[in-house]
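Asks: If you want the building blocks of each chain, they are given just below.
There are 2 protein chains.
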Amino acid sequence: MGGDHGPEVVVPAALSVLSDSADVDLILVGDRDAIEVELRRRRALPSERLQVRHASQQVEMDELPSQALRAKKDSSMRVAVDLVKEGSADACVSAGNTGALMAIARFLLKTLPGVDRPAICSALPSMDGHTHVLDLGANVESSARHLFEFAVMGSVLASAVDNIPRPRVGLLNIGQEETKGNERVREAARMLADSEIHYIGFVEGDDVYRGNANVIVCDGFVGNVALKSSEGVAHMITHFLRSEFQRNLFTRAAAWIAGPVLRASRTRFDPREYNGASFVGLRGTVVKSHGSADVKAYARAIKEASAEARQKIPERISAQLASMLVDREAM
Amino acid sequence: MGGDHGPEVVVPAALSVLSDSADVDLILVGDRDAIEVELRRRRALPSERLQVRHASQQVEMDELPSQALRAKKDSSMRVAVDLVKEGSADACVSAGNTGALMAIARFLLKTLPGVDRPAICSALPSMDGHTHVLDLGANVESSARHLFEFAVMGSVLASAVDNIPRPRVGLLNIGQEETKGNERVREAARMLADSEIHYIGFVEGDDVYRGNANVIVCDGFVGNVALKSSEGVAHMITHFLRSEFQRNLFTRAAAWIAGPVLRASRTRFDPREYNGASFVGLRGTVVKSHGSADVKAYARAIKEASAEARQKIPERISAQLASMLVDREAM
Numbered sequence: 333m334g335g336d337h338g339p340e341v342v343v344p345a346a347l348s349v350l351s352d353s354a355d356v357d358l359i360l361v362g363d364r365d366a367i368e369v370e371l372r373r374r375r376a377l378p379s380e381r382l383q384v385r386h387a388s389q390q391v392e393m394d395e396l397p398s399q400a401l402r403a404k405k406d407s408s409m410r411v412a413v414d415l416v417k418e419g420s421a422d423a424c425v426s427a428g429n430t431g432a433l434m435a436i437a438r439f440l441l442k443t444l445p446g447v448d449r450p451a452i453c454s455a456l457p458s459m460d461g462h463t464h465v466l467d468l469g470a471n472v473e474s475s476a477r478h479l480f481e482f483a484v485m486g487s488v489l490a491s492a493v494d495n496i497p498r499p500r501v502g503l504l505n506i507g508q509e510e511t512k513g514n515e516r517v518r519e520a521a522r523m524l525a526d527s528e529i530h531y532i533g534f535v536e537g538d539d540v541y542r543g544n545a546n547v548i549v550c551d552g553f554v555g556n557v558a559l560k561s562s563e564g565v566a567h568m569i570t571h572f573l574r575s576e577f578q579r580n581l582f583t584r585a586a587a588w589i590a591g592p593v594l595r596a597s598r599t600r601f602d603p604r605e606y607n608g609a610s611f612v613g614l615r616g617t618v619v620k621s622h623g624s625a626d627v628k629a630y631a632r633a634i635k636e637a638s639a640e641a642r643q644k645i646p647e648r649i650s651a652q653l654a655s656m657l658v659d660r661e662a663m
Numbered sequence: 333m334g335g336d337h338g339p340e341v342v343v344p345a346a347l348s349v350l351s352d353s354a355d356v357d358l359i360l361v362g363d364r365d366a367i368e369v370e371l372r373r374r375r376a377l378p379s380e381r382l383q384v385r386h387a388s389q390q391v392e393m394d395e396l397p398s399q400a401l402r403a404k405k406d407s408s409m410r411v412a413v414d415l416v417k418e419g420s421a422d423a424c425v426s427a428g429n430t431g432a433l434m435a436i437a438r439f440l441l442k443t444l445p446g447v448d449r450p451a452i453c454s455a456l457p458s459m460d461g462h463t464h465v466l467d468l469g470a471n472v473e474s475s476a477r478h479l480f481e482f483a484v485m486g487s488v489l490a491s492a493v494d495n496i497p498r499p500r501v502g503l504l505n506i507g508q509e510e511t512k513g514n515e516r517v518r519e520a521a522r523m524l525a526d527s528e529i530h531y532i533g534f535v536e537g538d539d540v541y542r543g544n545a546n547v548i549v550c551d552g553f554v555g556n557v558a559l560k561s562s563e564g565v566a567h568m569i570t571h572f573l574r575s576e577f578q579r580n581l582f583t584r585a586a587a588w589i590a591g592p593v594l595r596a597s598r599t600r601f602d603p604r605e606y607n608g609a610s611f612v613g614l615r616g617t618v619v620k621s622h623g624s625a626d627v628k629a630y631a632r633a634i635k636e637a638s639a640e641a642r643q644k645i646p647e648r649i650s651a652q653l654a655s656m657l658v659d660r661e662a663m
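Protein sequence lines correspond, in order, to chains V and G. Everything in the first sequence is counted per this note's numbering, starting at 333 for the first residue and increasing by one. Everything in the second sequence is counted per this note's numbering, starting at 333 for the first residue and increasing by one.
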């Protein structure tokens, strides 16, 4: 049980999900003693809906994925992913080391047939809802074929969790004209235009937040930088607002009066509302919570995982890829 | 004279710079009639400090750079860059088509010795000042050597315009550990660590806004996406704030009271304050204004160009590269 806070956050988040959602059962994986201490502190007990599975090791946040995979056979992360593999759990949620979680998930669950590279997908807030963006950092270099796979996986995910029949899929580029970008994005664009995906063309960085696409596809380097720059700007703006409102008595009074409005706007881009990045392309559901997630944010990640498991995203991705392959062969 | 607004914005911006800065003279390049109409509307006349140079053509915003270069020998953009080439002007500012401006500038001015690829560099707001980021889109694919050149050019620019003896230079990556990222950034990191640049290591997307680096280097695809995502988030947050403050009578009253504070915070990340991206690596100073710049923003771009010309950035970049080459050979 990892992340920056461990059981202190995960246990209350689990209890909150159990009381909200009657159709979700949870297995807490980690140091049994630490988990039971947290449960007792909250006057809760293990039950049929809330089991505890002991794991004697923990992957550190700065541990190399290869090291975590090789040397920590009984890490909470590995035990949790194994529960998905053996069918004892429908999904796994972790706030731990992203690279290690992906390496363990790939190694134990394997990728779906037709998928060469799994990707990390997350919903980001937009003007009128949200946009699913992938890859957010699982891959540092993606070929046209990989970008195409990401588009299929993102389209299936958006369709299932948002109930959109044909999600609008855009390809992230540095201009909208066909001639823009590198050969990889141009080739991926040709593949998407020829497919049954609802491909809307090249989009740019600001389109993530505009809401004109349901899914935006990019390589993991670009996606990771875009995500973190966006977080940086949002943080800076919030910081400037806070410091201006703290300036003097008048501005502090203004802050008090404007407080409810400021909080309402902040809710609309509260990163906690968007916590829970999906690892797509694997034979199982794995959701990554932000390492610094608080109780509310972690509960959101558990709900994301439960929604994805219920929607059987891996099976749907598999079916979509297989049908596209048949189409291609029939052509 | 291009951009989305043409002389309507450029002429008043020029007049405002002339009245603010006694040591700047300007040449307005474009359709003479259109420029003179705008001058008359503002009761101004051409003078020794404000000359008008006629150009019979204009590069369109969606025109292919190759087309603009080949077919428009008398475009305002080309005539303006030519003035720099022949020494009649110390710098050129344009709000027109970025790709065409870069193509024309490369063709007429040429790159500096030791520079393989020019880059686009802009200052972005940070918690405690600003960060120079390059490349923002001149190149879609950059080798380690190119990233290294960008670092040298950005360091020289930051040192000269911000008067920092040894600017802190970071390399944008998707993690801070040495093992992260692709081979290009890792190789560039080794080159920078071996150089006299004050290299601080890998930085991530949110570091652009944190202020821990004076210069952040990345390839043009990544930089462009980071810039536009950031603009998108800032726009979305402003939009949410505005719509929440418009919700009802109470929130509108709150907006009125909080108005000065909100405006003060907005000034700190007002894109107009940061308008003016430098084309670095050329034998001459060229500054690109945002296409949609208003008068204040365009005036800011002119001042950026005049500061760079005064600081002789191209000569300094040349000298720095040459000294590093000598060091390398001496090793």
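By construction, these hints were calculated from the structure, which means they are not laboratory data. It should be emphasised that the depicted structure is a prediction, and the values quoted were computed from it without experimental measurement. The reader is advised that the hints may include incorrect statements.
If several chains are the same, the list does not tell them apart, and a pair holds so long as it fits within one copy or across any two.
Stated by the list, open to error - Result set (DSS-like, lysine-lysine): computed pairs, CA atoms no more than 30 Å apart in a straight line:
(1) Lys644 with Lys512
(2) Lys512 with Lys405
(3) Lys442 with Lys512
(4) Lys417 with Lys644
(5) Lys512 with Lys417
(6) Lys442 with Lys644
Asks: With reference to the structure, classify each hint as holding or not holding.
Replies: Checked hints:
1. Lys644 with Lys512: neither (37 Å within a copy, 32 Å between copies)
2. Lys512 with Lys405: between (46 Å within a copy, 24 Å between copies)
3. Lys442 with Lys512: For Lys442 and Lys512, only the inter-copy Cα distance (23 Å) is at most 30 Å; the intra-copy one is 35 Å.
4. Lys417 with Lys644: within (14 Å within a copy, 63 Å between copies)
5. Lys512 with Lys417: between (42 Å within a copy, 28 Å between copies)
6. Lys442 with Lys644: within (16 Å within a copy, 57 Å between copies)
Violated hint: 1 only; the structure is consistent with all others.
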